[in-house]
Amino acid sequence: MARVVVDVMLKPEILDPQGQAVQRALPRLGFEGISDVRQGKRFELEVDGPVDDAALARIHELAESFLANTVIEDFTVKVEEVAEAAK
Amino acid sequence: MTTRIGVVTFPGSLDDRDAQRAVRIAGAEPVALWHKDKDLKQVDAVILPGGFSYGDYLRAGAISRFSPVMETLIEQAKAGLPVLGICNGFQILAETHLLPGAMLRNNHLHFVCRDQKLRVENADTAWTSDYAAGQEILIPLKNADGRYTADEYTLDKLEAEGRVAFRYLTDGPEADGYGNPNGSLRNIAGITNEAGNVVGLMPHPEHAVESLTGGGTDGLPFFTSILKKLVTA
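Just so you know, the protein sequences line up as chains A and B, in that order.
This note's numbering applies: residue 1 is where the first sequence begins, and numbers increase by one.
This note's numbering applies: residue 1 is where the second sequence begins, and numbers increase by one.
The hints are simulated quantities; they were obtained by calculation from the structure and are not laboratory data.
Treat the hints loosely; a few may be bogus.
What the hints assert, rightly or not - Looking from chain A toward chain B, a few residues come up when the C-beta cut is under 8 angstroms (computed): (1) I14; (2) Q18; (3) L62; (4) V71; (5) I72; (6) F75.
This structure is a prediction, so every number in the text was calculated from the model and none was measured.
Even for Gly, the Cβ is constructed at its ideal location relative to N, Cα and C.
Between the sequences and the hints, there should be enough to build the whole structure, so can you do that?
Here it is as structure tokens:
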């Protein structure tokens, strides 16, 4: 089984008040020097079978039509190497 | 023959009953439609009501947009079926791309619930003909994800084509000291498609159809507009 990760972020020009609220809380927590925070979404898809070009193309389509709204969001698709977890 | 107006219920819809009631008060027959049912029961128009369909998971309206009823609705809306999306219904219409743009979290991150002054910008759509262009109306507004957003090109196009249907009143005495309630670009509260049969807005006209419940009856013309259009069609 392989994992494909889809990251979805608001486009740079879209205001992200949630990210701003997080950023404004940072000094209070003692974190200095972080000038901007943008909040996004991460989807981890566990794929049955091989992650070949065809599978990736389908996931790309899924991300474009459903996981992200491309009017306001950008997305990236990447295959993640899953370390064999000890059983 | 009675005019039949469908109201879709999704899991998490809240205002489907109020929308049905508004339809009845306007003199049409409300028809309950179910999200899992592709059949629109030969209704003459459809309302997508407010609420939190599918818990607003992923994005408001994103999952509802792929429900079976929407498959038929998208096809028929493109063929001219009148559709009104209120609040969550507007979010769903944006997700289908029947209407351009998208709704994001309110810029101040708070849920808004108040009576809101709007200006009717387009009184030529299927759902707004009983208003006059420029008329100011009071309609309840209640949402968390109401910030209308589109790119500059789309905004300019909407303005040039007269497709901004409603705008929030943000200054002058009529605005009651409130500004833009959610950060919507160009104070846009509602828009229409090119043909004028598909209209979406964040405020809730179905909650302003009876004086008994306060706020007046400024929402009623939505429902009488569509009735007149269908009767004279």
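Quick one, is the I72 (chain A) hint okay against chain B at 8 angstroms, beta carbons? Hint on I72 (chain A): holds, closest Cβ of chain B at ~5 angstroms, below 8 angstroms.
Just to be careful: measuring from the Cβ of F75 (chain A) to every Cβ in chain B, is the smallest value less than 8 angstroms? 13 angstroms, violated
Taking the least C-beta to C-beta distance, is I14 (chain A) closer than 8 angstroms to chain B? 6 angstroms, holds
Hint check: 8 angstroms Cβ-Cβ cutoff, Q18 (chain A) to chain B: It holds, given that the least Cβ distance between Q18 (chain A) and chain B is near 6 angstroms, below 8 angstroms.
Given V71 (chain A) was flagged as interface, is its beta-carbon under 8 angstroms from a beta-carbon of chain B? The hint holds - V71 (chain A) has a Cβ within 8 angstroms of chain B, the shortest such distance being about 5 angstroms.
Hint check: is the beta carbon of L62 (chain A) less than 8 angstroms from a beta carbon of chain B? The hint is violated - L62 (chain A) has no Cβ within 8 angstroms of chain B, the shortest such distance being about 11 angstroms.
Against the hints set out earlier in the document, violations occur for numbers 3 and 6.
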